[in-house]
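Q: Top line first, the protein sequences correspond to chains C and G. According to numbering that gives the first Met the number 0, the first sequence holds residues 0 to 279 in order. According to numbering that gives the first Met the number 0, the second sequence holds residues 0 to 182 in order.
Please keep in mind that the hints were generated in silico from the structure rather than gathered at the bench. Among the hints, erroneous ones may be present.
[Claimed, not checked] Derived lysine-lysine pairs resembling PhoX-like cross-links, with alpha carbons at most 20 angstroms apart:
id	chain 1	residue 1	chain 2	residue 2
1	G	LYS37	G	LYS85
2	C	LYS55	C	LYS39
3	G	LYS177	C	LYS39
4	C	LYS55	G	LYS37
5	G	LYS45	G	LYS85
6	C	LYS167	C	LYS120
7	G	LYS85	G	LYS109
8	G	LYS89	G	LYS45
9	G	LYS177	C	LYS229
10	C	LYS175	G	LYS177
11	C	LYS167	C	LYS33
12	G	LYS89	G	LYS109
13	G	LYS109	C	LYS44
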Amino acid sequence: MRTIDVAEITNHIKEMCIEANHFLAQDMDAAMKKAQDTEKSPLGKQILCQLQDNLKIAGEDMIPICQDTGMAVIFMEIGQDVHFTGGLLEDAVNEGVRRGYTEGYLRKSVVNDPIVRENTKDNTPAIVHYEITPGDQVKITVAPKGFGSENMSRVFMLKPADGIEGVKNAILTAVKEAGPNACPPMVVGVGIGGTFEKCALMAKKALTRPVDERSTIPYVKELEEEMLEKINGTGIGPGGLGGTTTALAVNINTYPTHIAGLPVGINICCHVNRHAVRVI
Amino acid sequence: MEQHIQAPISAEDAQKLRAGDYVYITGTIYTARDAAHKRMQEALEKGEPLPFEMTQNVIYYMGPSPAREGRPIGSAGPTTASRMDKYAPKLLDMGLTGMIGKGKRSDAVKEAIVRNGAVYFAAVGGAGALLSKSILSSEVLAYEDLGTEAVRRLEVKDFPVIVVIDSEGNNLYETAIKEYCQP
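All chains, full assembly: derive it from the sequences and hints.
A: In structure tokens, the structure reads:
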């Protein structure tokens with residue numbers, strides 16, 4: 000049994016909220032640089048150059064990459080031999096978000112109620128997903144999610160008879176509808192299988208996988224590659240203003256499902272696909 | 000084509016702009032997004048004045064991140080314009096000449112743009128740090144309680160945008176995609 004004081008979690012979350020909003024992870028940074036070289040549209044290239052300038056300014060002057068510093072989505076993968084002390088874990092996570100967004104000059108974009116809509120003024124509460132894992136370590140992933148792209152995400156409850164072609168159509172439909180609204184070049188997270196909520200959560204988690212890492216399941220890897228090519232053939236391009244770089248990656252996760260169903264969740268993320276990861 | 004224009008935008012300047020033009024805006028523009036538009040709509044229904052005159056003015060759909068000490072503003076890129084589609088035709092009919100945002104607009108907005116000789120610009124989404132460098136000053140004008148969603152008056156210099164829908168109804172999002180779409 001390992002004991003961890005939740006104050007330690009608060010500090011990590013605070014730092015990770017600030018880090019994720021000012022610096023892209025290495026995989027995203029490399030993909031954005033590569034896109035600048037391969038884009039065929041002159042205007043698309045110009046936009047990708049501007050996005051490089053934007054990243055440089057964000058890091059040097061500590062200005063958030065995007066003003067939508069997101070709702071803080073946090074994955075907590077907790078080893079089952081860990082015992083937390085010093086207070087409630089979820090309170091500690093929210094305290095980290097509160098401090099990160101306040102001390103880090105990040106935008107407070109959360110309202111207390113979906114209908115009443117009063118700003119909570121500290122970007123809490125976070126959306127926290129817990130997973131119990133073997134061992135005594137804790138893996139924290141902070142993935143602030145902007146809503147321009149979140150609003151364009153979809154869940155399709157397909158029929159088993161729709162098969163893989165149905166899945167491909169669902170992904171292309173979501174991407175085409177998203178178009179310029181989702182701030183392309185986008186990253187497309189997909190969850191296939193499970194239940195209604197499981198496919199959506201898998202899609203969200205898929206966005207945190209490095210964009211240069213393909214699925215280990217052979218048919219899923221092929222599907223990821225085929226869909227990336229199809230999406231980049233839509234012509235949407237950087238900023239939706241035409242071009243050959245519409246997505247940087249399609250990351251797909253799968254899970255067993257029911258004999259009667261084929262759920263597909265598609266979570267679209269803009270080019271500011273933020274994820275900071277720490278293992279403690 | 001590259002153009003430099005002044006804001007407020009004269010009717011003559013607005014009509015010169017064509018979808019696809021790369022435009023640098025200098026002058027005064029105003030921010031308003033979801034909650035501010037709702038308040039403005041309510042003000043109009045009650046017959047109360049709006050925080051600023053619509054005539055020849057430009058609304059930037061944007062809610063900034065907080066400014067660090069000594070800076071006019073934080074990160075300041077565009078938000079999705081379609082959420083303001085419900086309110087935009089009325090404001091265009093009142094004389095609003097320019098809108099800066101990102102993403103698609105409804106047919107009703109496009110018709111109001113053509114009817115009034117206005118223009119819809121896109122700024123590059125997710126480039127808020129870069130765009131903040133073209134903002135010289137920022138002042139909260141109304142609805143301060145809305146925080147980032149308050150109405151702000153901005154002084155901008157060479158603020159870079161692209162014409163998406165022009166006063167003739169040409170739409171760059173529709174035409175540009177066709178060019179790179181693989182059948």
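Q: Tell me if the straight-line CA distance from G:LYS89 to G:LYS109 falls inside 20 angstroms.
A: The hint holds at about 12 angstroms.
Q: For the pair supplied as a hint, C:LYS167 and C:LYS120, confirm whether the alpha-carbon distance does not exceed 20 angstroms.
A: violated (40 angstroms)
Q: G:LYS85 and G:LYS109: Cα distance at most 20 angstroms?
A: holds (12 angstroms)
Q: Taking only the CA atoms, is the gap from C:LYS175 to G:LYS177 under or equal to 20 angstroms?
A: Holds. C:LYS175 to G:LYS177 sits at ~13 angstroms (cutoff 20 angstroms).
Q: Would the pair G:LYS37 and G:LYS85 pass a check requiring their Cα atoms to be no farther apart than 20 angstroms?
A: holds (10 angstroms)
Q: Check the hint pairing G:LYS45 with G:LYS85 against an upper bound of 20 angstroms on the C-alpha distance.
A: holds (18 angstroms)
Q: For the pair supplied as a hint, G:LYS177 and C:LYS39, confirm whether the alpha-carbon distance does not exceed 20 angstroms.
A: With a Cα-Cα distance of about 14 angstroms, the restraint between G:LYS177 and C:LYS39 holds, given a limit of 20 angstroms.
Q: With the threshold set at 20 angstroms, check whether the alpha-carbon distance from G:LYS177 to C:LYS229 stays at or below it.
A: holds (15 angstroms)
Q: For the pair supplied as a hint, C:LYS167 and C:LYS33, confirm whether the alpha-carbon distance does not exceed 20 angstroms.
A: Answer violated: C:LYS167 to C:LYS33 is near 26 angstroms, above 20 angstroms.
Q: Does C:LYS39 lie within 20 angstroms of C:LYS55 when you go C-alpha to C-alpha?
A: violated (23 angstroms)
Q: For G:LYS89 and G:LYS45, compute the direct alpha-carbon distance and say whether it is at most 20 angstroms.
A: holds (15 angstroms)
Q: Is the straight-line distance between the alpha-carbon of C:LYS55 and that of G:LYS37 20 angstroms or less?
A: Since the Cα atoms of C:LYS55 and G:LYS37 sit roughly 36 angstroms apart, the hinted pair is violated (cutoff 20 angstroms).
The structure shown violates the earlier hints numbered 2, 4, 6, 11 and 13.
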